[in-house]
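If you want the building blocks of each chain, they are given just below.
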Amino acid sequence: MKYAFYPGCVARGGAPELYDSALAVMERLGIEHVELTKAACTGAGVLQEKNLKMGDILNVRTFAMAEQMGLPIMVLCSTCQGVMSQANHRVKRDPEYLAEVNKHLAAEGLEYKGTTSIKHLLWALIEDIGLDKLKETFTRELTGMNMAPFYGCYMVRPTDALEFKANPTRETSIEDLIESVGGTVTDFAGKTACCGFPILFINQANSMKMVANHTGTAKDLGADAMVTPCPLCHLNLDGYQPKARKQVRGDKADLPVIHVPQLIGLAMGMSEKVLGLQKHIVSTKELVRKAEAAPAKV
Amino acid sequence: MADTTATPATMKVKLKIKRFDPADSGGKTWWQEYEVDVHPDSTVLDSLIEVREQEDGTLAMRCACRASICGSCGMKVNGSAKLVCKTRVIDVAPNGEQLIVEPMGNQHVVRDLVVSLDTFFNQINRVEPFLQPSFVPEQGEYTASNESMENLLTSMNCIMCGCCVSDCTVLEVDSSFIGPAALAKAWRFTEDPRDSKRDERLKTLNDEDGGMWDCTRCMKCVDVCPKGVAPMDRIMELREAAIEAGNTNTSGYRHTESFYNSVKKNGRLDETRLAIDSAGWTNIPRLLDLAPIGIAAMRKGKLPPLMPHKSEDHKKVRDLYKSVEDES
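From first to last, the protein sequence lines are chains L and P. So for the first sequence, this note's numbering puts the first residue at 1; every next one is plus one. So for the second sequence, this note's numbering puts the first residue at 1; every next one is plus one.
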């Protein structure tokens with residue numbers, strides 16, 4: 001397995017533990033990668049509010065780079081996945097528009113033909129590696145650990161651009177992964193809702209209510225942690241959880257929000273340090289203790 | 001020998017329905033389960049009608065056209081809003097799974113599956129949902145080009161069923177938000193060449209609390225709309241139009257602008273700058289509010305770099321911006 005690796009701005013910025021844990025897990029799995037260091041930000045849907053075409057051009061430029069390398073793109077972020085999938089969807093169904101976009105890329109010697117696929121690490125683990133093969137790399141059985149999925153909007157909508165019909169496992173990917181490590185899924189209605197991050201700087205009161213509702217509900221249902229493929233959700237649900245829980249529910253932040261590779265890494269027996277779990281705002285100590293006490297996988 | 005290709009005459013449908021009777025239950029809701037036999041092509045609505053007619057005449061629901069035109073039968077099926085007349089049982093319960101049916105969300109429940117439409121129409125009325133031309137034509141009707149009307153078709157397809165309002169994640173936490181249906185309706189008038197209030201409409205929706213900038217872009221409304229209105233896409237167009245019309249006084253505008261310029265300059269997002277720009281450089285209370293979060297993140301070694309990382313080819317990104325901006 002080899003990918004053109006697009007870690008995204010947040011894994012290289014506000015959530016460095018995502019980048020580190022992803023590399024550690026990929027190495028263990030023998031996933032080869034070439035990082036797309038020349039690629040630009042996807043625009044995250046925000047840049048697109050001002051200029052949709054500019055966003056599409058930036059993303060198609062990235063697709064063309066991967067196409068030249070003959071590799072699929074791997075991302076670590078629900079928002080990168082969604083925004084790229086939407087851009088790909090738009091240009092692939094409209095050859096005239098693609099030609100217009102390509103005109104802007106000609107100066108760099110790039111032309112996108114429409115063959116690049118974009119896959120989040122979460123999807124690649126299930127679709128390309130396969131859960132059975134993945135399980136062979138686990139050294140611990142995380143039984144008795146309850147985990148709530150939190151997808152991030154861009155990973156679940158719109159389903160046509162995300163090709164859910166052709167890939168039905170995408171709908172339950174986090175749940176399937178939680179079960180693969182031996183954990184129990186804490187199901188709750190908020191798992192496909194908004195985390196509040198996009199309006200954090202615009203309407204913080206609403207954003208805090210979302211953080212408090214999701215983390216509080218999952219905790220009330222018995223979750224030990226929340227698992228997310230989106231570092232933006234993580235920034236809000238982890239970083240702002242102390243403030244949100246105090247302000248909205250009058251209680252304390254008590255639900256660690258972990259990244260997908262951190263969950264896999266725990267099952268692989270990797271240390272807290274390697275996975276960057278000590279970098280979280282909400283303490284992961286109890287979670288790490290439980291994982292370390294988990295029975296060895298036979 | 002039995003013919004195995006023949007479609008069975010009936011199909012079992014299992015339903016779990018959320019009930020509410022304001023007169024009897026003292027404000028409490030309860031779940032009730034039913035099982036009915038219906039034709040294999042049946043919709044969820046057909047099954048509910050079968051329940052009402054054969055099993056339990058007290059079940060309250062609203063429906064009329066049964067052809068996804070009237071917009072009466074919006075309700076939640078397995079947690080997401082749908083027109084039940086347009087939803088075939090076989091598509092939502094292919095293996096005979098139990099269907100969970102509830103009234104729509106974010107609206108006042110009158111009884112069982114019936115919600116009051118007052119919330120919905122109060123939101124719609126906030127945007128003055130009627131044409132406001134500046135003149136009366138000397139003769140005949142107000143005319144508009146075919147293209148300009150075709151452009152409005154997405155929004156004009158709205159049948160006011162309330163599904164988008166039901167599942168809006170902002171309305172879940174803030175009832176003052178004007179909501180996706182009303183914003184899509186407003187867009188229909190800002191884009192109509194016969195309307196003379198475009199600037200006023202954009203300014204109002206830009207300035208007011210609960211206006212266009214409170215949408216989180218979660219796409220739930222796009223997902224559940226049974227008529228392809230894609231309300232969130234209309235909201236994004238409203239924002240673009242509001243910026244173009246010179247409305248630059250919101251955090252939302254500063255956030256978008258900062259993001260756009262950050263990628264232009266660095267090829268990447270400058271997270272620290274985005275937070276400060278959005279708050280506003282002179283907004284001391286908002287900036288002080290950011291500080292504790294920044295300090296907590298720094299202590300844990302996860303504060304984004306103060307000087308942004310740049311992508312290797314960021315100058316080429318700047319050239320791209322220039323070529324796109326020059327074009328428009």
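Hints may be right or wrong, so weigh each one.
Which residues of chain L face chain P? A few of them, derived with a C-beta cut under 8 Å, are [said to hold, decoys possible]: (1) Val-34; (2) Lys-50; (3) Ile-57; (4) Thr-169; (5) Thr-172; (6) Ser-180; (7) Ile-199; (8) Tyr-240.
FYI, nobody ran anything at the bench for these hints, they're computed from the structure. All C-beta atoms, glycine included, are put in the ideal place defined by N, C-alpha and C.
Here's how the hints hold up against the structure:
Annotation: L/Val-34 was flagged as interfacial toward chain P, and the flag is violated, the nearest CB pair being 13 Å apart, outside 8 Å. With 8 Å as the threshold, the beta carbon of L/Lys-50 comes within range of chain P, its nearest partner Cβ sitting at about 5 Å, so the hint holds. Hint on L/Ile-57 holds. Least Cβ distance to chain P is approximately 6 Å, under the 8 Å limit. Taking 8 Å as the C-beta cut-off, the interface hint given for L/Thr-169 is violated, the closest approach to chain P being about 16 Å.
With its C-beta approaching chain P no nearer than about 13 Å, L/Thr-172 sits outside the 8 Å limit, and its interface hint is violated. Violation of the interface hint for L/Ser-180 is found here, the shortest Cβ-Cβ separation to chain P being roughly 23 Å, above the 8 Å cut-off. Checking L/Ile-199 against chain P: minimum C-beta separation of about 5 Å stays under 8 Å; hint holds. Hint on L/Tyr-240 holds. Least Cβ distance to chain P is approximately 7 Å, under the 8 Å limit.
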